[in-house]
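**Student:** Spelled out from the first residue to the last, the chains are:
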Amino acid sequence: MEFSHILNYKNFRKTTLLAVFLLFSSINSFAETVLEVAPHTETSAHSETTAVVEEKFDPTTTILEHISDGHSWHLFGHTSISLPVILCTPNGLDIFSSGNLVNEHHEAVPYNSGKNTYLNEEEHIKILASDGKIDEEASAKLYDFSITKNVAAMFIAVIVILLVFLSVAGAYKKRVGLAPKGLQSFAEPLIIFIRDDIARPNIGYKYEKFMPLLLTIFFFIWFNNLLGLIPIFPGSANVTGNIAVTMVLAAIVLVVVNLNGNKYYWAHIFKPDVPFWLLPIMWIVEIIGIFSKPFALMIRLFANITAGHIIVLSLVSLIFIFKSLAIAPVSVAFVLFMSVLELLVAFLQAFIFTMLTALFIGTAVEEHHH
Amino acid sequence: MELVTPSIGLVFWTLVSFLILLVMLKKLAWKPVLTAIHDRERSIEDALNKAEIAREEIAALTNQNESLLKQARAERDEILKQAKILKDQIVAEAKASAQSEGNKMIEKAKIEINNQKVAALSEVKTQVAALSLEIAEKVLRDQFSDKKAQESLVTKLLNDVKLN
Chain A
1 MEFSHILNYK NFRKTTLLAV FLLFSSINSF AETVLEVAPH TETSAHSETT AVVEEKFDPT
61 TTILEHISDG HSWHLFGHTS ISLPVILCTP NGLDIFSSGN LVNEHHEAVP YNSGKNTYLN
121 EEEHIKILAS DGKIDEEASA KLYDFSITKN VAAMFIAVIV ILLVFLSVAG AYKKRVGLAP
181 KGLQSFAEPL IIFIRDDIAR PNIGYKYEKF MPLLLTIFFF IWFNNLLGLI PIFPGSANVT
241 GNIAVTMVLA AIVLVVVNLN GNKYYWAHIF KPDVPFWLLP IMWIVEIIGI FSKPFALMIR
301 LFANITAGHI IVLSLVSLIF IFKSLAIAPV SVAFVLFMSV LELLVAFLQA FIFTMLTALF
361 IGTAVEEHHH
Chain B
371 MELVTPSIGL VFWTLVSFLI LLVMLKKLAW KPVLTAIHDR ERSIEDALNK AEIAREEIAA
431 LTNQNESLLK QARAERDEIL KQAKILKDQI VAEAKASAQS EGNKMIEKAK IEINNQKVAA
491 LSEVKTQVAA LSLEIAEKVL RDQFSDKKAQ ESLVTKLLND VKLN
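Chains as they are written, first to last, in my numbering: chain A, 1 to 370; chain B, 371 to 534.
With the rest of the complex left out, here is chain A (with noise of 0.2 Å):
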């Protein structure tokens, strides 16, 4: 698990290349859905381009269908990978492929699977009642817990994770007290700049029990915002960029602060150094701000992804928008450079992140001594 050869490719140029032609392919392919136009035989890209150049183009609906949730993953031009569907409904569990709530030109249709009619409103999974018209009621009462893009995408990113650090793990056994080597000397230097430069400073003594954590929040926001860079499958999913995502990370930092807060922290809360009317207006306030800090966390990461999507999309829209090939040079030139800063923000963010998390946990296993 070597990349630096990547950067030395001769070929690295030409792949870039191909990297972008195919995240013009797939926004093309996108367009045409949403846009229903007719179905084309042919999947040359040729043909898809004069298509929706005669087509309107709505950028705002391609983007944001690029950077949420799906229940199939778009591959390239009319090919998907059908995602498994898993709905919990009133009654009962049901689980089938989502290839089935579309037709062969990626429109959807009702599904019927014994237990109830579905239909794929938006990325919504919606009951149909028996008239055909949607069932707000058991709509309401149906719980998806579908194996979407974004959780098949964090799934790859997992995988990935635990490959390599398995594997550096087993370095460390083979090489006991050996100088790091390969994958090892790209892990070794950003454990012990966590270690160093972000637990130890802001927790104190107590870093080590915390180190797990902080490395797995680390590598996982980090991971995930550098698959969701690679305009193609495996990557292209706006993971990191979900706030639901980012939520539970928040969550957990929430959690693991406040159930390893001392008596101290406790005390700040509710004994703050005030006078004694002012008390019930210092409670409100803390208590808003146990609250607020996990909750800038998790707008921070939704919020910086997203926009990075957002942007990276946009440019690749202003070919679209203008109907003009000769626009590329410059869209390619500004994603080009959005994506190297991208690389700079995914590593920021998760820096950012973790380093957060770690200032929290400092503050409320701190000792005072007054």
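The hints are simulated quantities; they were obtained by calculation from the structure and are not laboratory data.
Keep in mind that a hint or two might mislead.
What the hints assert, rightly or not - Capping the alpha-carbon separation at 25 Å, the derived lysine-lysine pairs in DSS-like fashion look like this:
#1 Lys133(A) to Lys115(A)
#2 Lys206(A) to Lys397(B)
#3 Lys293(A) to Lys271(A)
#4 Lys396(B) to Lys206(A)
#5 Lys495(B) to Lys209(A)
#6 Lys396(B) to Lys181(A)
#7 Lys181(A) to Lys465(B)
#8 Lys173(A) to Lys401(B)
#9 Lys451(B) to Lys440(B)
#10 Lys401(B) to Lys209(A)
#11 Lys174(A) to Lys396(B)
#12 Lys174(A) to Lys401(B)
#13 Lys173(A) to Lys396(B)
#14 Lys206(A) to Lys401(B)
#15 Lys465(B) to Lys454(B)
#16 Lys209(A) to Lys263(A)
#17 Lys495(B) to Lys508(B)
Mind docking chain B on chain A? Use the hints.
**Tutor:** Coordinates of chain B only, in the frame set by chain A:
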């Protein structure tokens, strides 16, 4: 609003996959890796400390050696000095004793010579006396054998003596 509404499925799966990742990595990766890094850092630190101690020891040894050498040199110098003094003393003593011995011998020789001289002289004296007596006896005997001569002499002597 769609963008900021978390869906329950993704929340569930994120929670599940993150917790699995956390538990697996904690057990299989972070613990061995952190321990290994910690151990290695400790061993490097130890090695550095040991090297420092060894360096100090060597410096101390060198110092000790130098001082020993200095001491040895000083001792050697001292011994040489004393030997020289001793030598001089011995030589001087030898010289003095030789001198005195010589003097004594010379003295003794002188006395001996004197004694011998005295003895010889006294012998010579005795010899001379004896010889003189013998000669005188012979002469006298010879002189007294001629009566005429004796009378002439006595006459002559009586002539010389003018009774005043």
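**Student:** Tell me the numbers of any earlier hints that the structure contravenes, in ascending order.
**Tutor:** 5, 7
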